[in-house]
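In the working numbering, the protein residues as written are 1265 to 1754.
If you are wondering where the hints come from, they were derived from the structure by calculation, not from laboratory data. All values reported here derive from a predicted model rather than from experimental measurement. C-beta atoms are modelled at their ideal positions from N, C-alpha and C, and glycine is treated no differently. Careful, some of the hints might be misleading.
Estimated spans, in silico, between C-beta atoms of each pair [stated by the list, open to error]: (1) ASP1468 / ALA1309: 29 to 37 Å; (2) ASP1388 / PRO1333: 48 to 56 Å; (3) PRO1481 / ARG1385: 14 to 22 Å; (4) ARG1359 / GLY1705: 52 to 60 Å; (5) THR1711 / ALA1751: 37 to 45 Å; (6) ASP1468 / GLU1488: 47 to 55 Å; (7) ARG1364 / GLU1617: 56 to 64 Å; (8) PRO1313 / PRO1333: 22 to 30 Å; (9) PRO1732 / PRO1313: 31 to 39 Å; (10) ARG1503 / ARG1661: 45 to 53 Å; (11) GLY1298 / LEU1645: 48 to 56 Å.
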Amino acid sequence: MTRPDEPARPPRVLLTGATGYVGGRLAPALLERGATVQVLARTPAKLAPAPWADRVEVVPGSLDGDLGPALAGVDVAVYLVHSIGEGPEWALTERRHAERFARAARDAGVARLVFLGGLGRDEDRLSTHLASRHAVGRALAASGVPTVELRAGVVIGSGSASFEMLRYLVDLLPVMVTPRWVETRCQPIAVSDVRDLLVRAVLDSTFAPGVYEVGGPDVLTYAEMMRRYARVAGLPERRLLRVPLLSPRLSSHWVGLVTPVPVPLAAELVESLINEVVVSPSAVATGDLLGRAPLGFDESVARALRVTREGVAPTTFADADFAVFSTQSTDPDWAGGTVLRDVRTRTVPASPERVFAAVTALGGATGWHAGDALWRLRGLLDSLVGGPGMRRGRPARLEVGAPLDFWRVEALEAPRRLSLRAEMRLPGTAHLAFEVVPAEGGGSTLTQTATFYPRGLLGRLYWYVVAPFHRFVFPGLLAGIARDAAAREP
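Using the sequences and the hints, build the whole thing.
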């Protein structure tokens, strides 16, 4: 027992749904606050890429199996499981799993359950998705275990299926045929705000059990979210053509064609757009629950896009707060928007130090080894439209933040990695990265990756127009680095 003058020990937390986009953010946040976190995982290998995986206790198991070992000694259990779109009876499966989990938590003496559900008025005719979210919340609370249920609408953050659907639609289509549901109101919320609310619900014993509706400060229609997303993303104004007869079911197939969100998932999400998901006037203010003002829609989108465009490399230009919006290792493959890549690898008979020296000698008088005329032409065209072109050359010292022709150094880790971000005028954001690792049997393996985050349809067209030149320039660049590295060997 803890004495009155002793600080309360951090709770032991069981986290379900840790491979989801919210769970993948909640786990490290709880660890940073000192909580002991154990994770129920049906497939533990899926957690391996997560940078926090070695700091949690992984309990293999499923909601259909014996939950006793996972819940033993647990103070707070977080329920983030969602079966949306997984077969025709997914909603029944969700309710059954929630009932089993709640009974097991009660039997194990768990002190609190925390659940993230969905907004929507119970008196409305709710979509299957929202009705199931509410049913899961009721099943957890019916166990008698004190339960905190947070109800949120569209969550703004990489990996959120709703946000990725919005992102792809607006990025790709300058003109959209839209059904009636685009006029439905919703109250989006940033994923970092959701994460912080969950952290408080788990760690703050004064957070009373009950249902809490949460949302950001902006109440918008889906059409308004599309237009504001386009504005924040720097895209031309999107034109929306209303077609009243386009049903949610037909819309979901259209969404499935245009976006990478699977059609079964898109169908459930689109059906939910017929329901207004706005925080009730009588609800406790989200800012009061957070202890600060929640982020607005535009700021949430801007931060998410900035991290996506800067890529996964750490840079001196990124605000640390942006990390909560970036793609996580546990997010779906399609999270973060369209990414186009050209990846090439070569074994070089030289030490990593020599290869890296050749990599960091690029630009300026050294040039780019292959297609120098094409590089200069691209620089000239960039200068004509107000970009930096190639006139900046090489700095006296290559370091993070330094300009290099029309690139800027965003990461430099000798003798392993150099990452450059293009500052030329482009319909998107481009990066060029070099990775050097020792090769088996001697020498080095050099990997060269060109990455492009297109902005809108023009961005995708740009990539495919220049792709034929990549087949000439990029292999020559790799070969030139190899020659330079070999010449540097004693």
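Comparing the hints with the structure gives:
Hint check: ASP1468 to ALA1309, Cβ distance near 33 Å, so the stated range 29 to 37 Å holds. At about 40 Å, the CB distance of ASP1388 to PRO1333 disagrees with the hint of 48 to 56 Å. Roughly 20 Å separates the CB atoms of PRO1481 and ARG1385, a value that falls within the hinted 14 to 22 Å. At about 57 Å, the beta-carbon gap between ARG1359 and GLY1705 stays in the expected band of 52 to 60 Å.
Restraint check, THR1711 to ALA1751: a C-beta distance of roughly 21 Å breaks the suggested window 37 to 45 Å. At roughly 34 Å, the beta-carbon separation of ASP1468 and GLU1488 lies outside the given 47 to 55 Å, and the hint is violated. Separated by about 57 Å at the C-beta atoms, ARG1364 and GLU1617 satisfy the suggested range of 56 to 64 Å. Evaluation of the 22 to 30 Å hint for PRO1313 and PRO1333 yields a pass: the beta carbon distance comes to about 25 Å.
Restraint check, PRO1732 to PRO1313: a C-beta distance of roughly 34 Å satisfies the suggested window 31 to 39 Å. A C-beta distance of roughly 49 Å is found between ARG1503 and ARG1661, which places it inside the suggested range of 45 to 53 Å. Look at GLY1298 against LEU1645: about 55 Å separates their beta carbons, and that is inside 48 to 56 Å.
Hint violations for this structure: numbers 2, 5 and 6, all remaining hints satisfied.
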